[in-house]
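Trainee: Line by line, the protein sequences are chains A and B. Each residue of the first sequence is one higher than the one before, counting from 1 in my numbering. Each residue of the second sequence is one higher than the one before, counting from 1 in my numbering.
Treat the hints with caution; some may be incorrect.
In silico DSS-like links for lysine-lysine, alpha-carbon gap of 30 Å or less [stated by the list, open to error]: (1) A/K3 to B/K64; (2) B/K383 to B/K225; (3) B/K217 to A/K52; (4) B/K253 to B/K218; (5) A/K79 to B/K122; (6) A/K52 to B/K122; (7) B/K128 to A/K8; (8) A/K27 to B/K122; (9) B/K385 to B/K284; (10) B/K253 to A/K3; (11) A/K27 to A/K3; (12) B/K64 to A/K79; (13) A/K52 to A/K7; (14) B/K128 to A/K85; (15) A/K85 to B/K253; (16) B/K225 to B/K253; (17) B/K64 to A/K8; (18) A/K52 to B/K64; (19) A/K52 to B/K63; (20) A/K8 to B/K122; (21) A/K7 to B/K284; (22) A/K7 to B/K385; (23) A/K7 to B/K63; (24) B/K85 to A/K27; (25) B/K383 to A/K79; (26) B/K63 to A/K8; (27) B/K122 to A/K7; (28) A/K7 to A/K85.
Just some of the chain B residues that point at chain A, by a computed CB distance under 7 Å [said to hold, decoys possible]: (29) R59; (30) K63; (31) S90; (32) H134.
Restraint ranges, calculated between C-beta atoms of paired labels, are given here [unchecked claim]: (33) A/G84 to B/S206: 18 to 26 Å; (34) B/Y125 to A/P28: 33 to 41 Å; (35) B/V34 to A/D62: 52 to 60 Å; (36) A/R33 to B/T287: 34 to 42 Å; (37) A/H54 to B/N382: 29 to 37 Å.
If you're looking for bench data, these hints aren't it; they were derived computationally from the structure. Model, not experiment: these values are computed from the prediction. Glycine is no exception: its CB is placed at the ideal position from the N, C-alpha and C atoms.
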Amino acid sequence: MTKDACKKIVLDIIADIAPDEDISNLKPDVRLRDQMQLDSMDFLDIVMELRKQHGIEVPEADYIHLASLDSCADYLTPKFEALGK
Amino acid sequence: MSFQQTRIVITGVGLTAPNGNSLPEFRQNLLDGVAGVEPFDVRYMGRLIAGVCHFDTLRYQTKKGLRVGTRAGSISIYCAHEALKDSGLSFDSVPKDRVGIYIGCTEHGNVETENEIYAISKFNYDTKYWSHYHNPRTVANNPAGEISLALGITGPAYTIGAACAAGNMGLIHAAQMLRLHEVDVAFCGGVSESIHTFGIFAGFKSQGALATHEDPKKASRPFDKGRNGIVVSEGGCIYTLERLDDALARGAKIYGEIGGYCVNSDASDYVLPNPGRQAECVRKALTNAKLTAADIHIVNTHATATPMGDIQECEAIRAVFGAGCPDTSINNTKSYIGHCMGAAGALELAGNLPSFGDLIVHPTINVDDLDPLCAIDGLVLNKPKKVAKVEAILNNSFGMLGINSTLIVKRFTA
C-alpha cells in the first residue's frame, strides 16, 4: 500500500465522520484539528472505523499519530502492509 | 399571589406527527380525515405498519449532528425550534439560565442499544466494536439535553419518564416550575422514537396488542368493534409555556391557559388500566381547574384501540361525563396517527387547540362499526363537528404501570 492510498482511506473515513465539512483541500502536513472541526469523539470514530473496516488497532498511546494526514500515513501504512494490504 | 393563582399560558407550538410537520398542517389533516400510518420495515420482524414522521431533519441540524445524536434528539430539536419560532420570543434577550426543558418520554435508549447489539453481532459480539457514543445517546435525559445543546439553554433540561402519560406530564411539570419561578420560559411536551426499536413491536405482538389491517391507514381504530391493537408511532410536540404576565408584557399570541391537571397511579396492575383511578384522575383535574364536567367541551381520549383498554377508558369517561354534559364532545387522535407514546398527550392536545378558534371538533376516524361498549355520549365519529362553544379541553393520557395524567386547557380570556 502506498502512503497516498492510506491517506485516501483516512479521508474516506473523515468524510463520513464530518459530512458537513469540505475536505477537498485538507493540507496533509497540518493538524486535522486545525483545519476542521474534529473533537475527541470524532478521533475515536477514526479509531473505530479503522478497526471495523480494516482490522487495524490503534492503541491509545498512539492516537497522537493520527494528528495529520501525513502522520496518519506514516503510522498506518506499515500496519496495512503487515496485514498484506 | 398563591402557587395556583399564577396563570400559565401556551405561547408556541412545534410538532412533527405522522400526518403533519406543523400545527396548521396537522390540524388540517385531522379535519380532512387524513391518517398517517404506512408500511414500515422492522428489524427481525419484516414489514409491519407504523406512524412515521417525515420532517426536514436538516432544517435545524447539521449532518454531523444527526449522525452523533439520536432520533429522539432530532425530533426534539426540530419541535423546539419550531415552537420557539412560533412563540415569537426574542430569544437572544432571554437569559438562557432561566429557560427550562421538560420532555416527556415513554422510554429512551432502547433504539441505540438494539442498534449496537445488532452492530456487534457482525463482529461475533466483541464489545470492542461497541460505540463510544452509546452512553450519551442512551442517558434518559438525551432528548432534553440535545435541545439544550442546540439552543444554548443552560437552565434545567431533563426528561420525565411516565410511559404513555408522559406528554401531558411535560406540560404539567413545566407549569409547576413556572409557578415556582424556577424558570421564566419552558420548552415542554413529549417525544418518541419508538418505531426504531423492534422491541416495542415485538412486545405488543407478544401481548396480542399490535394492530394489523390490510390498509395501514385504517389500522388504528379506537372504539371500532373490529379494533385489534396499537399502531406504534413516532412523533414529537413541544410547547413554549410562560407566565401570563410575561406573555402579555411581550404581546405574545396565546393558544390557551393551563386550567388544571392531575397525575395519579392505579397501583393495581403492570399493564391493565383501572377505570376507577382514571375517573378519579379526571375528577381531580376538574377540581384543580375549578370546573365541572359540563364545563368541558372537548375530551380527547387516550384510547389506543386495544380491545380492553378502550372499554375501560369509556367506562371512566362515562362515570364522569355520563349525564348532564350535553355540550361535551369526545374525540380521539390516535385513529389518525397511531400511538406516539411519549409524544401522544402533547400531540393530541395540539390537534385540539385550534378548536378554541374555529369551534370545530375533529372526529375519531376509522369507526365503521362502533363497539356498543364504547358508545359514550358525545363521541364525534368520522366527520368533524361544528359546536357552539369551546371553553375548555380535557386531555387524557394514561400509561403502563398504571400512571394516569389529565390536563385541562382553557380558552384564554384576560
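Trainee: Evaluate each hint against the coordinates.
Mentor: Structure-based check of each hint:
Only pairs whose Cα atoms come within 30 Å are accepted, and A/K3 paired with B/K64 is accepted, the gap being roughly 28 Å. Simply put, B/K383 and B/K225 have alpha-carbon atoms about 18 Å apart, close enough for the 30 Å limit, and the pair holds. For the hint linking B/K217 to A/K52, the alpha-carbon distance of about 41 Å lies beyond 30 Å, and the restraint is violated. Distance hint between B/K253 and B/K218 is unfulfilled; the C-alpha atoms sit about 36 Å from each other, more than 30 Å.
Distance hint between A/K79 and B/K122 is fulfilled; the C-alpha atoms sit about 23 Å from each other, no more than 30 Å. Of the supplied pair hints, the one linking A/K52 and B/K122 holds, its CA atoms being roughly 10 Å apart against a limit of 30 Å. In summary, the hint linking B/K128 to A/K8 is supported, as the alpha carbons are separated by about 25 Å, within the 30 Å threshold. For the given pair, A/K27 sits about 35 Å from B/K122 by alpha-carbon distance, which is inconsistent with the 30 Å threshold.
For the given pair, B/K385 sits about 28 Å from B/K284 by alpha-carbon distance, which is consistent with the 30 Å threshold. Distance restraint check for B/K253 and A/K3: the Cα-Cα separation of roughly 62 Å exceeds the 30 Å cut-off, and the hinted pair is therefore not satisfied. At roughly 15 Å between alpha-carbon atoms, A/K27 and A/K3 fall within 30 Å of each other, so this suggested pair holds. Between the alpha carbons of B/K64 and A/K79 the distance comes to roughly 29 Å, so the proposed pair stays at or under 30 Å and holds.
Between the alpha carbons of A/K52 and A/K7 the distance comes to roughly 17 Å, so the proposed pair stays at or under 30 Å and holds. A threshold of 30 Å between alpha carbons decides the hint, and for B/K128 with A/K85 the separation of about 23 Å falls inside it, so the pair holds. At roughly 65 Å between alpha-carbon atoms, A/K85 and B/K253 are farther apart than 30 Å, so this suggested pair is violated. Note on B/K225 and B/K253: the hinted pairing is violated, with a Cα-Cα distance of about 42 Å set against a maximum of 30 Å.
Only pairs whose Cα atoms come within 30 Å are accepted, and B/K64 paired with A/K8 is accepted, the gap being roughly 20 Å. With a C-alpha separation of about 20 Å, the suggested pairing of A/K52 with B/K64 holds against the 30 Å cut-off. Under the criterion of a C-alpha separation no larger than 30 Å, the hint pairing A/K52 with B/K63 is consistent with the structure, at around 22 Å. Proposed proximity of A/K8 and B/K122 is supported: the alpha carbons are some 25 Å apart, at most 30 Å.
For the hint linking A/K7 to B/K284, the alpha-carbon distance of about 67 Å lies beyond 30 Å, and the restraint is violated. With a C-alpha separation of about 66 Å, the suggested pairing of A/K7 with B/K385 is violated against the 30 Å cut-off. As the CA atoms of A/K7 and B/K63 are separated by approximately 23 Å, the hinted pair is consistent with the 30 Å bound. Of the supplied pair hints, the one linking B/K85 and A/K27 is violated, its CA atoms being roughly 40 Å apart against a limit of 30 Å.
As the CA atoms of B/K383 and A/K79 are separated by approximately 68 Å, the hinted pair breaks the 30 Å bound. Among the hinted pairs, B/K63 with A/K8 is consistent with the structure: their alpha-carbon atoms are about 21 Å apart, no more than 30 Å. For the given pair, B/K122 sits about 26 Å from A/K7 by alpha-carbon distance, which is consistent with the 30 Å threshold. Pair hint A/K7 plus A/K85 holds up; C-alpha atoms about 14 Å apart against a cutoff of 30 Å.
A cut of 7 Å between beta carbons decides the hint on B/R59: the least distance to chain A is about 14 Å, and the hint is violated. At its closest, the beta carbon of B/K63 sits 4 Å from a beta carbon of chain A; the interface hint therefore holds under the 7 Å criterion. A distance limit of 7 Å between C-beta atoms decides the matter here; for B/S90 the minimum to chain A is near 28 Å, and the interface restraint is violated. Given hint, B/H134 at the interface with chain A, is violated; its Cβ is 12 Å from that chain's nearest Cβ, farther than 7 Å.
Between A/G84 and B/S206, the C-beta spacing of about 48 Å breaks the proposed range 18 to 26 Å. Against the hinted window of 33 to 41 Å, the Cβ-Cβ separation of B/Y125 and A/P28 comes to about 38 Å, which satisfies the hint. Here the CB-CB span from B/V34 to A/D62 is close to 57 Å, well matched to the stated 52 to 60 Å. In this structure, A/R33 and B/T287 break the distance hint of 34 to 42 Å, their C-beta atoms being roughly 60 Å apart.
One distance hint, 29 to 37 Å for the beta-carbon pair A/H54 and B/N382, is violated here, with the actual separation near 59 Å.
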